[in-house]
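Trainee: Sequence:
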Amino acid sequence: MVDAIVYTSRSGHTYVYAKALAEELNLPFYTRKEAKKYLPTGASIIYMSWVKENIIVKYNSMLKYHIDSVCAVGILPATEERLGIVRYTNQLYAKLFYLPGGIQKKRLSLFQRITLKSIENDLSFKLLDSGLKKEDALALDAILHNLNYTDLKTLEPIINLYNKKDEYIS
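The sequence shown runs 1 to 170 under my numbering.
Bear in mind the hints are in silico, worked out from the structure with no lab data behind them.
Please note: incorrect hints may appear among the correct ones.
Claimed, not checked - Computed cross-link-like contacts, BS3-like style, restricted to lysine-lysine with a CA-CA straight-line distance of at most 25 Å: (1) K105 with K19; (2) K64 with K105; (3) K117 with K95; (4) K117 with K19; (5) K126 with K58; (6) K153 with K164; (7) K95 with K19; (8) K64 with K95; (9) K58 with K33; (10) K95 with K126; (11) K58 with K133; (12) K126 with K52.
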């Protein structure tokens, strides 16, 4: 049984997902900093965070908890290849879900905006060279126009997984 949802959010997209998931699963949800105050070491959590260069932000700081699932929020498409890269980069053994997010450049640090510009350039060169896949075009559009692809329907597999777990516990 999961004790809580813990999240890290920079632009607010992960917060929206964490709040909605907490309501659906009837669980408390905390920011990473709040979790340090309210959750004991070893508590079972769903960790939700954004992805930066295939790294799940602040994931390593959550390792004192039992991470049952990770929900990574990003703008790049959730392909099997990307999920594999994120899983490998973060050395994840927990269940991994990838949720569509968005961009709010004004909330990013200078370094993060520079990194984002690099991703924008890579996608732009792909567009010029060979055309973009639909998913990559959506990511480029989000970067260029501060778009939000948050979709609460993408939480359904997570909600279904944890609602089924509750049935077995009863």
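Trainee: Looking at the structure, which of the earlier hints fail to hold?
Mentor: Numbers 2, 3, 4, 5, 10 and 11, in rising order.
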